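Asker: The chain contents come next:
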Amino acid sequence: MAGNGLVSQAASVSLPAAAERSAVAAGSPLVLKTAAGIVLLALWEGVVRAAAPAYVARPSGIVTVFFQVITDAQFLAAAGATLLAVGEGLLVSLVAGTLTGFVMGRVPAVEQALRYYVNSLFATPMVAILPLVTLWFGYSAEARLATVVFASFFSIAINACDGARSVPPEYLEVARSFRARPLPTLLHIVFPSSLPYLFAGVRLAAGRALIGAVVAEFFVSIPGLGYYILFNSRTFRHNEAFVAVILLVAAGVGFDASVNRLARRYLPWARRT
Amino acid sequence: MRTAAALSRNAIVVLSLALGAVLWELAGHLTSGAFWAPLSATLKSLLEAAGSGVLLRQGASSLELYLAGLLVAIAIGAPLGLLLARVAWLRVALEDYIMVLYATPMVALVPFILSIMGFGFGPKVLVVVLFAVFPVLYNTIEGARSIRPELVEVAQAFRSSEWQLWRDVIIPYTLPYTLTGIRQAIARGLVGMVVAEFFLSPSGLGQMIMMGSQNFDTAGMLAAIFIIVLLGVALMDFGRYLERRFAAWRGTGS
Numbered sequence: 001m002a003g004n005g006l007v008s009q010a011a012s013v014s015l016p017a018a019a020e021r022s023a024v025a026a027g028s029p030l031v032l033k034t035a036a037g038i039v040l041l042a043l044w045e046g047v048v049r050a051a052a053p054a055y056v057a058r059p060s061g062i063v064t065v066f067f068q069v070i071t072d073a074q075f076l077a078a079a080g081a082t083l084l085a086v087g088e089g090l091l092v093s094l095v096a097g098t099l100t101g102f103v104m105g106r107v108p109a110v111e112q113a114l115r116y117y118v119n120s121l122f123a124t125p126m127v128a129i130l131p132l133v134t135l136w137f138g139y140s141a142e143a144r145l146a147t148v149v150f151a152s153f154f155s156i157a158i159n160a161c162d163g164a165r166s167v168p169p170e171y172l173e174v175a176r177s178f179r180a181r182p183l184p185t186l187l188h189i190v191f192p193s194s195l196p197y198l199f200a201g202v203r204l205a206a207g208r209a210l211i212g213a214v215v216a217e218f219f220v221s222i223p224g225l226g227y228y229i230l231f232n233s234r235t236f237r238h239n240e241a242f243v244a245v246i247l248l249v250a251a252g253v254g255f256d257a258s259v260n261r262l263a264r265r266y267l268p269w270a271r272r273t
Numbered sequence: 001m002r003t004a005a006a007l008s009r010n011a012i013v014v015l016s017l018a019l020g021a022v023l024w025e026l027a028g029h030l031t032s033g034a035f036w037a038p039l040s041a042t043l044k045s046l047l048e049a050a051g052s053g054v055l056l057r058q059g060a061s062s063l064e065l066y067l068a069g070l071l072v073a074i075a076i077g078a079p080l081g082l083l084l085a086r087v088a089w090l091r092v093a094l095e096d097y098i099m100v101l102y103a104t105p106m107v108a109l110v111p112f113i114l115s116i117m118g119f120g121f122g123p124k125v126l127v128v129v130l131f132a133v134f135p136v137l138y139n140t141i142e143g144a145r146s147i148r149p150e151l152v153e154v155a156q157a158f159r160s161s162e163w164q165l166w167r168d169v170i171i172p173y174t175l176p177y178t179l180t181g182i183r184q185a186i187a188r189g190l191v192g193m194v195v196a197e198f199f200l201s202p203s204g205l206g207q208m209i210m211m212g213s214q215n216f217d218t219a220g221m222l223a224a225i226f227i228i229v230l231l232g233v234a235l236m237d238f239g240r241y242l243e244r245r246f247a248a249w250r251g252t253g254s
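Just so you know, the sequences run in chain order A and B.
So in my numbering the end of the first sequence lands on 273, straight run, no missing numbers.
So in my numbering the end of the second sequence lands on 254, straight run, no missing numbers.
So the derived label-pair ranges between C-beta atoms look like this:
| no. | chain 1 | residue 1 | chain 2 | residue 2 | range |
| --- | --- | --- | --- | --- | --- |
| 1 | B | I171 | A | G138 | 45 to 55 Å |
| 2 | A | R181 | B | A34 | 46 to 56 Å |
| 3 | B | L19 | A | S221 | 32 to 42 Å |
| 4 | B | V14 | A | P268 | 38 to 48 Å |
| 5 | A | G138 | B | P202 | 14 to 24 Å |
| 6 | B | L19 | A | R234 | 37 to 47 Å |
| 7 | A | A96 | B | A11 | 24 to 34 Å |
Now the stretches of chain A that chain B is said to cover, found in silico as 3 or more residues with beta-carbon under 8 Å:
| no. | region |
| --- | --- |
| 8 | 201-212 |
| 9 | 237-247 |
Just so you have them, the derived chain A footprint on chain B, three or more residues with Cβ under 8 Å:
| no. | region |
| --- | --- |
| 10 | 8-19 |
| 11 | 81-93 |
| 12 | 110-122 |
| 13 | 191-197 |
| 14 | 211-218 |
Think of the hints as simulated: they come from the structure by calculation, not from any bench.
The model shown is predicted, which means the values in this text are computed figures rather than measured ones.
For glycine and all other residues, C-beta sits at the position ideal for the given N, C-alpha and C.
Please work from the sequences and hints to get the whole structure.
Answerer: Structure, rendered in structure tokens:
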């Protein structure tokens, strides 16, 4: 403790700003963050105990039901259904959106023809089309899948299009002078050089896909995490319902972090903020 | 040469929009009325809603909810973000939690709000606020982190007062980021608006969509969805304009 203080004091003589930053970077923030977390949880617990009805979710209540809920077969089935639908829909969007975006990015006529449709559907809150989706697919799991695809497709297509357009023209000229065919050009030049954009698109799409799945479950009432939340909060089991929220957040943050790690591991040259 | 290129570009856009309109019309005639309505019927329904004042009333109700939520979100998110910009230890303590909340699908909290707070205007505004506040807060903090400590040190070396420091360094540096956050909030808030109108008490454009779907009035439903699409496009363009307007001094290094 004393040694630590001495070091930081010695450093502060020569480089005050750097020392301040390294002190913040070296372990004390963890204490600070943990303390803040405890304060926030205590605040939540206190406010709910003092001012809210007994059924409202609070940390102590969530902790007591947590293990019971995450080992409950019904909950696990719901989580599996939702996450599977999100994964499936994202995969469909990734393939279809990347292809659409690449064609748009490389063929100006296609881009001009589709631009208004893609941009306006990207700007549309996907919740608004839910009643239409249920007309087409009925109150079924397909309606959820369609919502997930609709929610995620356009952000991937737009990013793939931007990525395909950002390919340095010299690369394409070299490819042309070596008489590369369109498919190898796409696979070996356009695709790798748009990867940073695709990663950004997938991150954006994943968040929207998760929201799409939950909203579709609210609306269509099919088993899944969203419906689990709806059902349990209606029957005033808020603590149980909140465990599902925690799982959703963990899935979102976890996916985001792993995409980030992949990008940093395999695309170290791309530093897009 | 240039005009010819511009002409051909516009020709493609006009052609594709015309083709879309024709497909919309044909799809309405070829499928059963419960699945899709022709463009002509949709426009007729839109004109009827506009003529009877329903569209104006419901649109105004939606906008009231949306603007109330968005303004509250900005009024909370921007000052709190700026505070965290200045008070470094508070930012270090809270930024991870704010990032998690930024990534949380807020729609999952709607059933809790419904169950605890009921159907009034207040809970609906709360839904819009929850959707919109974290992008503003998160991006403002990102901006705060981008302030180069040298600038603050120089300002302090020249004995800037606290107020001058805010006016000349902190606010100009974080404002472009805050506007990126506001652009995101503009889009997310619209989702929140529709969610609130669907799942709390039905009102506004969301209610128009719901009523169309419940009465098998597909044209009416498409008309309301069409308005929301236009609203989404207009708001997104406005958000981009705002961001670009203030991004001029954002600097290329960030």
